[in-house]
Amino acid sequence: MTRAKWIFIAGLALLAATFAMSWQADHPTWQIWQERYNAEPNVTPVPIAIRVLTPTQTGKPELCLTCHVGIEDISASHPAQTFGCVVCHGGDPLALDADRAHATLRGGRNPSALNVAAQSCGQPQCHGGYADEEQNHVDRVLKSLQATYAGGIATVRYTFGEQSSPVAQFGLRAVSDASNPLPQNALAALREFQAMAGTIDQTFQENCLNGGCHLGTLPKQPQEYYYRSTGCAACHYLYADDGLYRGSDPTIPRDQPGHGAFHELTTAIPYTQCDHCHNRGNYSLKQMAFLPRDDLPPVAAPIPTTMPPEGRQLKEYYQPIAQFTKCEVELNCVDCHTAQEAMGDGHIYGSKKDVQYIQCQTCHGTLTTTPPVAAIQDANELAMRQARINGHADFLHVGDRVIETPHGELLWSIKQVAPGKFVQMDKVTGKIYDVPLVKGSGCTQDGKTQTSDYCHQCHSVVR
Amino acid sequence: MALSRRDFLANIGWGALLLAAGSTAAAFARFMQPNVTTPAPGPVEIGAADEYAVGSLTYIESARAYLGRDARGFYAIVAVCTHLGCTPRLEANDFACPCHGSRFTRAGDVVNGPAPRALDRAFVGRAASGKLFIDRRRVVDADYRFAA
Numbered sequence: 164m165t166r167a168k169w170i171f172i173a174g175l176a177l178l179a180a181t182f183a184m185s186w187q188a189d190h191p192t193w194q195i196w197q198e199r200y201n202a203e204p205n206v207t208p209v210p211i212a213i214r215v216l217t218p219t220q221t222g223k224p225e226l227c228l229t230c231h232v233g234i235e236d237i238s239a240s241h242p243a244q245t246f247g248c249v250v251c252h253g254g255d256p257l258a259l260d261a262d263r264a265h266a267t268l269r270g271g272r273n274p275s276a277l278n279v280a281a282q283s284c285g286q287p288q289c290h291g292g293y294a295d296e297e298q299n300h301v302d303r304v305l306k307s308l309q310a311t312y313a314g315g316i317a318t319v320r321y322t323f324g325e326q327s328s329p330v331a332q333f334g335l336r337a338v339s340d341a342s343n344p345l346p347q348n349a350l351a352a353l354r355e356f357q358a359m360a361g362t363i364d365q366t367f368q369e370n371c372l373n374g375g376c377h378l379g380t381l382p383k384q385p386q387e388y389y390y391r392s393t394g395c396a397a398c399h400y401l402y403a404d405d406g407l408y409r410g411s412d413p414t415i416p417r418d419q420p421g422h423g424a425f426h427e428l429t430t431a432i433p434y435t436q437c438d439h440c441h442n443r444g445n446y447s448l449k450q451m452a453f454l455p456r457d458d459l460p461p462v463a464a465p466i467p468t469t470m471p472p473e474g475r476q477l478k479e480y481y482q483p484i485a486q487f488t489k490c491e492v493e494l495n496c497v498d499c500h501t502a503q504e505a506m507g508d509g510h511i512y513g514s515k516k517d518v519q520y521i522q523c524q525t526c527h528g529t530l531t532t533t534p535p536v537a538a539i540q541d542a543n544e545l546a547m548r549q550a551r552i553n554g555h556a557d558f559l560h561v562g563d564r565v566i567e568t569p570h571g572e573l574l575w576s577i578k579q580v581a582p583g584k585f586v587q588m589d590k591v592t593g594k595i596y597d598v599p600l601v602k603g604s605g606c607t608q609d610g611k612t613q614t615s616d617y618c619h620q621c622h623s624v625v626r
Numbered sequence: 005m006a007l008s009r010r011d012f013l014a015n016i017g018w019g020a021l022l023l024a025a026g027s028t029a030a031a032f033a034r035f036m037q038p039n040v041t042t043p044a045p046g047p048v049e050i051g052a053a054d055e056y057a058v059g060s061l062t063y064i065e066s067a068r069a070y071l072g073r074d075a076r077g078f079y080a081i082v083a084v085c086t087h088l089g090c091t092p093r094l095e096a097n098d099f100a101c102p103c104h105g106s107r108f109t110r111a112g113d114v115v116n117g118p119a120p121r122a123l124d125r126a127f128v129g130r131a132a133s134g135k136l137f138i139d140r141r142r143v144v145d146a147d148y149r150f151a152a
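Residue numbers (the working numbering), protein chains in the order written: chain A, 164 to 626; chain B, 5 to 152.
Derived by calculation from the structure, the hints in this document are not laboratory data. Glycine included, C-beta positions come from ideal geometry on N, C-alpha and C. It cannot be assumed that every hint is accurate.
[To be verified] Computed cross-link-like contacts, SDA-like style, restricted to lysine to any residue with a CA-CA straight-line distance of at most 20 Å:
#: 1; chain 1: A; residue 1: K594; chain 2: A; residue 2: D557
#: 2; chain 1: A; residue 1: K223; chain 2: A; residue 2: R199
#: 3; chain 1: A; residue 1: K168; chain 2: B; residue 2: L21
#: 4; chain 1: A; residue 1: K489; chain 2: A; residue 2: E479
#: 5; chain 1: B; residue 1: K135; chain 2: B; residue 2: R76
#: 6; chain 1: A; residue 1: K515; chain 2: A; residue 2: D302
#: 7; chain 1: A; residue 1: K168; chain 2: B; residue 2: L22
#: 8; chain 1: A; residue 1: K168; chain 2: B; residue 2: L23
#: 9; chain 1: A; residue 1: K168; chain 2: B; residue 2: D11
#: 10; chain 1: A; residue 1: K223; chain 2: B; residue 2: G46
#: 11; chain 1: A; residue 1: K223; chain 2: B; residue 2: H87
#: 12; chain 1: A; residue 1: K489; chain 2: A; residue 2: D597
[Unchecked claim] Okay, the calculated bits of chain B under chain A, using three or more residues with CB under 8 Å as the criterion:
#: 13; segment: 101-108
#: 14; segment: 114-122
[To be verified] One-sided excerpt, in silico: chain B residues whose CB lies under 7 Å from chain A:
#: 15; residue: R10
#: 16; residue: A14
#: 17; residue: I16
#: 18; residue: G17
#: 19; residue: A20
#: 20; residue: L21
#: 21; residue: L23
#: 22; residue: A24
#: 23; residue: S27
#: 24; residue: T28
#: 25; residue: N39
#: 26; residue: T42
#: 27; residue: G89
#: 28; residue: C90
#: 29; residue: L94
Could you put together the complete structure from these sequences and hints?
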């Protein structure tokens, strides 16, 4: 080939390559996302441009919203304008291509995953690093039963003779508590559970712990009614039963299950979210396996969306032999189960019975006593903060008297409105209920046997 | 003089090479420019003094501050909560932070936390254009007023 032909071919090839790269540079991926966002119905179109967010907390620009245009603020307490994205998610705030931007994400899509939560949610001055242990939510959760699964491990190992005592020795992670003295039934430490090959422990670990129902891992087989995240987001980040995203971020596929319904955290956690772990089936110790319930997909049809809420809630609950009272199928789980029960009190326990302490009498009193109450003293105390974060600041005021549990927690959503008269606000729906008291009622229960299991004998809902 | 086919192709080739080199140089020059630039924080002009009545308290979004005017003059309350930096909103009689519930009086003093201290005050002055400005870089005492 002549020199002239080489120059001709090389020149045109180089020019074509230059134009191709130039075209690509003028049509970046973020532009496609913004065009897709603008094409959505019911959105206010945005000008096609790089979007800069400079959050107050860091003062450093972030370009994340260039692609994630329209994404929801994660919560009213965490507006993007104040916190930005990177303080929680990590990543490269100035990158405009997904690979580079996401290469250093903290916890992948979930910065609240248990292995990174201490660096994201639990970083100092957020939900960790306080002298007051109550405010160190991540530390508490990491020691809680939901994260250690100590009770489940101890029960299984004791049942199969792998340990001689039912007292928990192992957790999914090693934890320790330097408190002295320890509260009753609290443990000083748990070792990390590591199954030896060829033992029943190994089967237990493979079948149940790696991808089972505890806070640190996702279910092995994601399917309808099971979708959830892990860590803090397992409870506070709501998933629809079908696992589909319904928000406005154009980068999150709407037809791919496994995404939260919205990019939002909440403390108003509906029972459906709890059910995405609980009430989804039963364990078989004999088979060393989790057996999904057989009346929901994929085996059976979904619960009809037209079913009235009460009926749906009753059907959502499972545990065939369990009994539920009316309030248990009308209220939400978080209306009774407290923050200490769900997220731990900062100490290590080895059994659910050491953690779940709320009884019917906590709110309804007994034949001879009304529930103990305490007055709200200060606008900054925990009960007031919980009401504000829940979005119901108007329900509670300084001077109000609310129920005080045996562990000293103030139930901010149940207050005394007159002597012997209490009302409860549903934390999810905001609906107000009267709280009937046992004292003065027609209850003829033996005064010495007033724990919840006795109440269920008479007050169960017919299933 | 007639251009041979060989020279014609070579000229086109050289032209294409030069164009590609020029485009690459331009692209490189563009690459060296930042994608975005954020303006340095500084004084924000907020209009003429007579636009704000005595007794008024007006949110100035561009300055992220509330401009107040009383009998003594103008003052600016910085709309950044001293807890974590959210934007307090002016309600009926006070400021309320939507993030964690701190409340402040209309003067910016803490009614209830978790905010640890009063809202900052920023400097208010008059620019060469004759318009007022707020400069959040300059924190001033609560007693400070700019007499227009």
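Name the hints, by number, that the structure is in violation of. The structure conflicts with hints 2, 29, although it agrees with all the remaining ones.
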